[in-house]
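Participant: Using the sequences plus the hints, can you model the full thing?
Line order of the protein sequences matches chains A, B and C.
Residue numbers for the first sequence follow numbering that gives the first Met the number 0, beginning at 0 and rising by one.
Residue numbers for the second sequence follow numbering that gives the first Met the number 0, beginning at 0 and rising by one.
Residue numbers for the third sequence follow numbering that gives the first Met the number 0, beginning at 0 and rising by one.
By construction, these hints were calculated from the structure, which means they are not laboratory data.
Mixed in with the good hints there might be a few duds.
[What the hints assert, rightly or not] Once the Cα atoms are required to be at most 25 Å apart in a straight line, the calculated SDA-like pairs of lysine to any residue come out as:
id : chain 1 : residue 1 : chain 2 : residue 2
1  : B       : Lys142    : A       : Leu9
2  : C       : Lys151    : A       : Met269
3  : B       : Lys65     : B       : Pro124
These numbers were taken from a predicted model, which means no experiment stands behind them.
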Amino acid sequence: MTRKLNPTLLIVLLAFPILWFAPAGLKSYGLYVVALWLVMSIAAMGLNLTLGYAGLTSLAQGAFLGIGAYATAILTVKAGWSLPASFLVSTGLSFAVGIVLGFPALRVKHHYLAFVTLAFSVVVFLVARNEEWLTGGVFGLANIPRPVLFGIDLGGGLAFYRFVLCVTLVLTLVMWWLLHSPWGRAFLAIRENALRAASLGIDIRAYTLLAFAIGSAFGGAAGSLYAPLVEFIDPAPFALSASFVLLLTVVAGGAGSFFGPFVGAFFSYMLPELLRATGGWYLIIYAAVVLVLVMVSPTGLLGLIDRWRDHRSQRRAATIRAAARPTLGARQGPQQGSAS
Amino acid sequence: MTRVLEVNGIRKHFGGVKAVDGVSFHVDEGEILGLIGPNGCGKSTLFNCILGQLSPDDGEVRLDGKAITGLYPSQLNRLGVSRTFQLLQVFPNLSVRENLILAGQEHKGTMLKRLFGPRDAGLTPDADRMIAFFKLEHLAEQKAGGLSYGQQKLLDAAMAFMAGPRLVLLDEPAGGVNLTMLANLKERLQAINRELGATFVVIEHNMEFVMSLCSRVVVMAEGKVLAQGSPAAVRADPAVVEAYLGH
Amino acid sequence: MELPRPRPRRILGQPLTLPMLRMGPFPLPGREREKNIRNADMDQFLQLIVAGLATGAIYALAAIGFTLVWQTSQTINFAQGEFVMLPAILVLAASHVGLPMWLAFVVGTVGFVLLFGFGFKRFLVEPMQRHGVLPLAIATMALSVLIKEAAKNGFSAEAQQFPSLVPEGTLSMLGAAVSVRDLAIFVVAVAAILGLQAFITHTRTGRTMQATAQNPTVARILGVPVQRMILLTFLINAALALVASYLISPVYLAKFSNGEHIGLAAFIAAIVGGFNQIRGALAGGFLIGLIDNLAAAYVSSAYRTAVPLVVLVVVILVKPEGLLGRKEERTV
Numbered sequence: 000m001t002r003k004l005n006p007t008l009l010i011v012l013l014a015f016p017i018l019w020f021a022p023a024g025l026k027s028y029g030l031y032v033v034a035l036w037l038v039m040s041i042a043a044m045g046l047n048l049t050l051g052y053a054g055l056t057s058l059a060q061g062a063f064l065g066i067g068a069y070a071t072a073i074l075t076v077k078a079g080w081s082l083p084a085s086f087l088v089s090t091g092l093s094f095a096v097g098i099v100l101g102f103p104a105l106r107v108k109h110h111y112l113a114f115v116t117l118a119f120s121v122v123v124f125l126v127a128r129n130e131e132w133l134t135g136g137v138f139g140l141a142n143i144p145r146p147v148l149f150g151i152d153l154g155g156g157l158a159f160y161r162f163v164l165c166v167t168l169v170l171t172l173v174m175w176w177l178l179h180s181p182w183g184r185a186f187l188a189i190r191e192n193a194l195r196a197a198s199l200g201i202d203i204r205a206y207t208l209l210a211f212a213i214g215s216a217f218g219g220a221a222g223s224l225y226a227p228l229v230e231f232i233d234p235a236p237f238a239l240s241a242s243f244v245l246l247l248t249v250v251a252g253g254a255g256s257f258f259g260p261f262v263g264a265f266f267s268y269m270l271p272e273l274l275r276a277t278g279g280w281y282l283i284i285y286a287a288v289v290l291v292l293v294m295v296s297p298t299g300l301l302g303l304i305d306r307w308r309d310h311r312s313q314r315r316a317a318t319i320r321a322a323a324r325p326t327l328g329a330r331q332g333p334q335q336g337s338a339s
Numbered sequence: 000m001t002r003v004l005e006v007n008g009i010r011k012h013f014g015g016v017k018a019v020d021g022v023s024f025h026v027d028e029g030e031i032l033g034l035i036g037p038n039g040c041g042k043s044t045l046f047n048c049i050l051g052q053l054s055p056d057d058g059e060v061r062l063d064g065k066a067i068t069g070l071y072p073s074q075l076n077r078l079g080v081s082r083t084f085q086l087l088q089v090f091p092n093l094s095v096r097e098n099l100i101l102a103g104q105e106h107k108g109t110m111l112k113r114l115f116g117p118r119d120a121g122l123t124p125d126a127d128r129m130i131a132f133f134k135l136e137h138l139a140e141q142k143a144g145g146l147s148y149g150q151q152k153l154l155d156a157a158m159a160f161m162a163g164p165r166l167v168l169l170d171e172p173a174g175g176v177n178l179t180m181l182a183n184l185k186e187r188l189q190a191i192n193r194e195l196g197a198t199f200v201v202i203e204h205n206m207e208f209v210m211s212l213c214s215r216v217v218v219m220a221e222g223k224v225l226a227q228g229s230p231a232a233v234r235a236d237p238a239v240v241e242a243y244l245g246h
Numbered sequence: 000m001e002l003p004r005p006r007p008r009r010i011l012g013q014p015l016t017l018p019m020l021r022m023g024p025f026p027l028p029g030r031e032r033e034k035n036i037r038n039a040d041m042d043q044f045l046q047l048i049v050a051g052l053a054t055g056a057i058y059a060l061a062a063i064g065f066t067l068v069w070q071t072s073q074t075i076n077f078a079q080g081e082f083v084m085l086p087a088i089l090v091l092a093a094s095h096v097g098l099p100m101w102l103a104f105v106v107g108t109v110g111f112v113l114l115f116g117f118g119f120k121r122f123l124v125e126p127m128q129r130h131g132v133l134p135l136a137i138a139t140m141a142l143s144v145l146i147k148e149a150a151k152n153g154f155s156a157e158a159q160q161f162p163s164l165v166p167e168g169t170l171s172m173l174g175a176a177v178s179v180r181d182l183a184i185f186v187v188a189v190a191a192i193l194g195l196q197a198f199i200t201h202t203r204t205g206r207t208m209q210a211t212a213q214n215p216t217v218a219r220i221l222g223v224p225v226q227r228m229i230l231l232t233f234l235i236n237a238a239l240a241l242v243a244s245y246l247i248s249p250v251y252l253a254k255f256s257n258g259e260h261i262g263l264a265a266f267i268a269a270i271v272g273g274f275n276q277i278r279g280a281l282a283g284g285f286l287i288g289l290i291d292n293l294a295a296a297y298v299s300s301a302y303r304t305a306v307p308l309v310v311l312v313v314v315i316l317v318k319p320e321g322l323l324g325r326k327e328e329r330t331v
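Facilitator: Set out below in structure tokens:
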């Protein structure tokens with residue numbers, strides 16, 4: 000292993016101080032938008048693991064966001080728990096529900112899985128809307144407190160934003176570390192070639208379940224930050240559409256690329272704010288941009304950059320190859336095995 | 000001599016087609032067994048039954064005397080049954096070394112230990128030894144997708160041996176490989192058999208390759224075992240000649 | 000004339016999500032007659048069945064188009080519901096510009112088929128097909144938002160009346176009063192489906208299309224002009240959506256958000272029936288239509304949206320190929 004600092008980590012560590020100081024001049028609305036971007040990036044990071052690394056199409060991330068947000072709201076408002084404790088419980092709850100929902104993932108894949116998770120999203124939404132005794136129904140839960148941590152009052156916009164930033168940093172590092180562990184290698188192997196992965200001893204069922212559950216836990220963690228960020232929650236932001244937008248976010252950013260969720264979330268949650276001046280047309284512009292983007296680059300915005308880089312390195316490799324001809328035997332066409 | 004693999008009366012039908020119709024054979028420790036037969040004789044179906052890709056209608060498979068019929072491919076692998084595929088199956092976006100680490104990691108400790116353990120699961124030395132054995136040193140850091148076909152084939156074989164398997168099943172290792180590379184592959188397989196005492200079963204079309212590599216050959220035709228014995232004996236068997244040339 | 004007004008829903012501050020496919024109470028044909036169904040007698044049950052068959056026929060139209068398009072081109076069209084919503088809006092938009100009603104129908108029909116039959120296939124599906132199922136599905140999700148928001152901002156956010164081709168009124172059937180409109184919807188939709196079936200089984204082009212749908216790869220090897228056959232299925236899909244739109248809009252009113260419910264119901268119908276079968280989509284459509292109407296009457300109104308979804312999940316887990324579906328071949 001090289002001792003050089005990994006470029007991905009370097010970007011994370013450089014971005015942190017910038018994001019720490021840059022928004023200091025923003026008004027409370029601006030801070031809210033930037034914090035929302037981070038929160039949604041966490042949720043998208045989770046879905047990116049599920050979709051981009053483990054290859055499972057899930058339409059339930061919005062529901063996990065909701066589970067985390069409601070669990071935190073209920074625990075802090077009704078039971079008077081502290082935010083850190085609620086955060087851990089919300090994340091753990093999402094992980095557990097993710098395991099349960101992950102079982103269908105073992106039986107079905109692709110569009111079928113999308114529909115199972117879609118059904119789950121609708122049920123979560125209906126529970127949030129209908130079980131008034133627990134969730135406040137359509138009236139929601141108000142006055143979700145922002146805590147005082149280590150003597151620092153997180154009530155203010157900037158303080159809470161920085162708190163969200165710190166949690167985002169920790170979770171980003173956790174994700175990075177997970178993806179670079181043997182588990183990350185196994186997730187990738189399952190996505191690229193499940194049959195071969197199984198023949199190498201990789202337990203497809205266990206890893207699939209874990210990818211799904213960890214992705215869901217990130218969704219729950221994001222929800223747990225979302226609740227004190229907006230200080231009031233109702234069912235609407237966790238409707239099926241939230242799951243769709245999160246899926247669009249991951250794909251638009253670049254499924255399976257590490258910073259894809261951050262780029263995608265910028266695109267899905269900050270851009271609409273910038274376009275708000277256009278009135279009702281902002282969704283049209285957003286949808287049109289996504290449509291064009293997916294058509295131009297199905298691997299997302301970061302895929303576009305990768306393609307450009309590959310193109311350059313291919314040209315370089317071609318030059319090197321041309322200089323060092325011919326050493327290897329005839330290079331045969333791609334994988335033409337004879338049938339048996 | 001220890002019997003590593005025993006296959007007893009495996010039967011697999013698809014509708015009315017008897018793809019494998021009561022096949023029995025065994026593999027002894029340290030042996031290279033060839034499994035040959037004309038197209039559609041049921042070799043691949045048999046392979047898939049042994050490896051847990053298909054479940055046989057009848058019969059049983061034993062590894063070191065323990066029944067392993069119906070286990071999942073990943074479970075079989077962790078018990079020491081390793082395989083290669085007819086088509087190339089390396090992971091193109093991982094480096095050569097990462098491919099080998101991947102091939103060995105599931106044999107190291109529990110899932111939780113792997114998660115909190117070193118990133119390479121402590122397998123870099125093993126991987127580098129395997130890379131050296133298959134003479135891929137100059138390519139260790141390269142992405143597997145950028146290798147030539149023959150090099151990928153070597154990597155594919157190396158991955159099968161990474162975890163120190165009890166038994167390796169090679170599905171058409173010579174398919175689509177040019178002659179130089181083929182000699183190289185054969186020489187490496189014989190060396191691994193000699194030096195590590197590894198046991199394997201090879202499915203092949205290339206008769207020359209099988210006859211010169213294997214110590215014993217099983218010939219299948221129409222879902223049944225037609226003949227078995229040393230390459231010379233099998234080659235002289237009139238039934239085998241009939242099966243290959245008769246129609 | 001009493002039309003079922005969509006119940007005004009409280010949409011609370013929801014700053015940053017797309018209001019796509021939000022689950023909410025949706026007026027189905029016959030809903031206003033079912034208020035006190037808990038002491039239902041046989042009459043009301045029969046009414047529910049007829050209403051369910053009418054709703055189901057609409058779902059079946061959408062589900063069949065969905066299935067055809069999936070079979071030939073592996074397109075999961077998340078905008079299918081919007082395809083059913085849009086034609087009525089186009090007709091109304093054309094008539095608002097000042098065209099006479101008959102001309103508005105012509106303009107709406109031709110415009111829709113050109114845009115979402117031909118254009119959809121040529122400019123969206125064709126360039127994206129090689130990238131696989133997911134990017135294309137994402138693109139259709141974006142398209143559904145685009146259509147819906149364009150209809151809302153470009154035309155109207157309010158539900159609009161749509162001219163009915165069938166008179167109001169009830170008919171006595173087995174002693175029960177049954178809505179003429181429900182019956183008409185059922186009859187016209189079934190006629191359209193039978194027409195499609197006749198086209199598929201009795202014409203050469205239809206049989207070729209069917210063969211392409213069942214196995215595009217083999218069809219290509221046999222020299223079938225696959226792209227033309229795919230285009231044909233997209234045109235048929237557009238035509239079925241048109242029929243559904245013109246049938247349902249007088250009842251539901253024409254509104255930009257109508258596609259949410261219909262699209263979801265069509266997916267469920269297609270999967271429950273069997274994703275790879277036209278008759279599966281047909282059966283699934285009727286089944287979901289009936290379940291929809293019966294659940295509204297006999298199950299808790301708060302959770303009735305969940306009932307078809309529960310049916311969906313059970314089918315996916317127990318018989319993933321659908322009730323009438325074939326198992327898709329898996330290679331080892």
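Participant: Quickly compare the C-alpha distance for Lys65 of chain B and Pro124 of chain B to 25 Å and report which way the hint goes.
Facilitator: At roughly 32 Å apart (the allowed maximum being 25 Å), Pro124 of chain B and Lys65 of chain B break the hint.
Participant: Within 25 Å, alpha carbon to alpha carbon, are Lys142 of chain B and Leu9 of chain A?
Facilitator: 23 Å, holds
Participant: Has the given pair, Lys151 of chain C with Met269 of chain A, been kept, meaning a C-alpha gap of at most 25 Å?
Facilitator: 23 Å, holds
Checked against the numbered hints above, the structure breaks only hint 3 and satisfies the rest.
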